[in-house]
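K.L.:
The chain contents come next:
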Amino acid sequence: MTVDAMRRLPSGDRRPVVLAISLLALGGLALCALRFGLRPTGWGDVWRAFGVFDAGNAEQVVIRAIRLPRLLGAVLAGGALGMAGALMQGMTRNPLADPGLLGVNAGASMGVVLCILLLGVTDPAAFVWVSLGGALIASLLVFLLGGGNKANPARLILAGAAVSALCLALGRAILLVSQQTLDVYRFWVLGGFDGIDLGQIRTLLPFFGAGTIAALAASFWLNALMLGDDAARGLGVRVGAAQALIGLAIVILCGATVAMAGPIAFVGLIVPHLARRVAGADMRWLVLLSASIGALLMVAADLLGRLALFGGNMQAGVMAALVGGPILIWLVRRNGVGAS
Amino acid sequence: MTQSARLVAQGITVSFGQRPVLKDLDVALPTGQLTAIIGPNASGKSTLLRALARLQPVASGQVVLDGKAIHRQGSRAVARKLAILPQSPTAPEGLSVRDLVIRGRTPHQSVLRQWSGADAHAVEQALAATGLAALADRPLDALSGGQRQRAWIAMALAQDTDILLLDEPTTYLDLPHQIELLSLVRALNRDTGRTVATVLHDINLAARFADTILAVRDGAVCLQGPPEQVITEASIQQVFSLPCRVIKDPVHGTPHVIPL
Amino acid sequence: MILRLATLSVPVSGRALRSACALGLCAAAVALLALWVGHYPLALAQLFPAIAGDLGDVAQMVVRDHRLPRILCALGVGAGFGMAGAIFQTLLRNPLASPDVIGFNGGASCGALLAIILTGGHVVAGALLGGLASAALVIGLAWRDGLQPYRLILVGIGASLTLSALGDLLMSRMDVLTAADMAKWLIGTLASRDWQDVALIWGGLAVLGPVVLWASFPLARLSMSDDVTTGLGLALTPLRLGLSAIGVGLVALAVSVAGPLPFVAFVSGPIARCITGGGRPAIGAAALVGALVVTLADLAARMVPLVHLPAGVFTALIGAPVLMWLLVVQFRKGRF
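Chains as they are written, first to last, in the numbering used here: chain A, 1 to 340; chain B, 341 to 600; chain C, 601 to 936.
Calculated from the structure, these hints are not laboratory results.
Each hint can be trusted.
In silico EDC-like links for lysine to aspartate or glutamate, alpha-carbon gap of 20 Å or less: (1) Lys784/C to Asp183/A; (2) Lys421/B to Asp826/C; (3) Lys784/C to Asp794/C; (4) Lys588/B to Glu573/B; (5) Lys421/B to Asp406/B; (6) Lys588/B to Asp542/B; (7) Lys421/B to Asp827/C; (8) Lys408/B to Asp366/B; (9) Lys421/B to Asp502/B.
Just so you know, these numbers come straight off a predicted model, no measurement behind them.
Make the full structure from the sequences, and use the hints.
P.N.:
What follows is the structure in structure tokens.
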């Protein structure tokens, strides 16, 4: 179906179509991500790696042990950041809100830096729990500073920005002072999807699962919350509980992502804006579409980074921004955003 | 209509995308009178008011203020002659009532002379007229919906213009406050000779307070004239598709619509 | 209360005036402290002769040629960032908006990197050109029958993310030493500024300052909805263009002297508004807050022993806790 044919459909009918297209494209890209890489492999190798796996075949091992975890990591991270971004922008009613605003990324980075500095840990596997812990503590601090259960979007934003900046600056100061810490840390922060293994993904899968369920449940309430707190109460929504659930979903999704792949910037900020072109004001569709578009963007960015930069270490979010930024500008100009 | 009209729309057309909202519409606001614009929802009455206040660009035709096309006049010069209170206006958090009303003085101020005796006088008068003098230092967001609406009206009053356009000023107000507000608007009209046009939803209030009724339907003016002539069972049926009986208000003698 | 001066008359709230005075005194006190303390020990009694006299000794050289220009630069840079932040936050009606929202910082770092790669130097000129070009690009791309804040924000997000990603990409292609140098510049530092820098920043402020004062009158009114603003007789599009240009000019000036010090532009506006209250943009107070934050950050950068940390690390370390503390205080008062 061409873009022009899609435009003729009423927008209510466009959303499932776009979702299906993005999922199909994700499938195609996923196959490409398995097929292409530094080591030349063919479609036959991809087929055999999952059909009749031969542990002695180097091509098949590369596909199953290196490319597959990397692909899964990119799908999970992109989807999670997309959903978290949509929830964050919806909850704060601010198009500039990034899921990192709850202090998740900064807290995780801070946790890893302190862990290296104070405990001398250098094993990347240990960073998973440290960064999850840091993310949780930082977001709790943001939530408390933001007014606890009486949180108000404007205040939450300022609190989140302040906590994030503080953590990042502290981390940066430590890194500038301690050369050894920097040596370990920079591999974590640039890590992206390099060197992910299936065990790591298996460890974090429950978090992604729980976060996704919480996000989908929260998106239902968010539809009511978008009408304002009072209107939401009138519709029988418990505003405090709904906000807590949304916050929890964001923290779990971002925390798991940052634990897996380090802080990935930009994706959570861009993807909801791309998805909103199609989803309109319905938060349920926005969250779903943000998940699929986020995964798509992430896999594409990762693939592009691997192929174009010949394995050069480039933060996955940087590639995603390089791809997603121009698309966003093009969409804004084409559709002409009306009065907000 | 004894005096020539100062604010006139000449064949204006406005469309939102493909949908025409006003179609080649002509109207003249009678000078010195209180005009109520009525019409069903989505009939284009708010768009008409916004077009008259140069807030809504017109695709063809023009709005003429004092014999000159309004978009050819400086926006500031227009703002000294014509004040508009749009629907659901917003102000920054924490702004006090007095500061809001002071902002109504913008077209009379300059960067060098941001305050004058005339400013102080107009602000105090606007606050007093809307009964907000006691609340002047409260932040706007701490007021009730009705008080906030009155603060916005005070801002438009402080602008001190000959022509005042109000878009549904009685929203959020209870009946006593609606009556109070419309009495205030009529007093402004009677005492100072201001030309006032206001979009109103309540036909009976419109009939009671207005000198002229302007009925809009499907982007065109279908009736204009004094309430006694315009508000009839046939015209209400025509404009609102509402079967009704019209009786004479036993107290004020104005027409009173009773829906069937 | 009304401030009158010849034909000038400006209404000023007592609280705003008091807080501005307090902020100004704080900034002056910190500046004096920064003049006094440092690696070269100085008795308090030596300070004023060193500034004013002509002893020609080491103390005078330290104070006059090193500390004084550096502190004056810090004050000016902070004021520039603070005003620019307050302008963009009010103009775009968004507390998260700061100059980097319209792509200035991303463009500046790209420009600086390109300058280094292509010419091997001219970092400042490259940054300025890059920043100005990207700001112009964003405004141009967002233009459609005037500038609408929401569209400007969206286009700005897209552009600034792309540009900073491009910057990261360029940086990863450089050799390690140049990259390390760039990284320091990109954080922002005030080390070894001389009187030329002072002349640049204060000369620029002397030109732009009056323009900002003039602009604060319409700016305060732009924070209301478009219909109200137009109804009051203000021309939205020229004002938005002009104010964006002023904001970009202020940032360009500050960046060219100290690099893109993070967080100053973002934090000064909210802190100033919290202190002065009343829903005004508080540009003057934001300038003072910015000056205070940068001077403190530079003092901290100088005073931390052993390592030379750039001042940019400390702007967030100082600004963020203040903002957090204000949030807590305001919450207690029930203002939020």
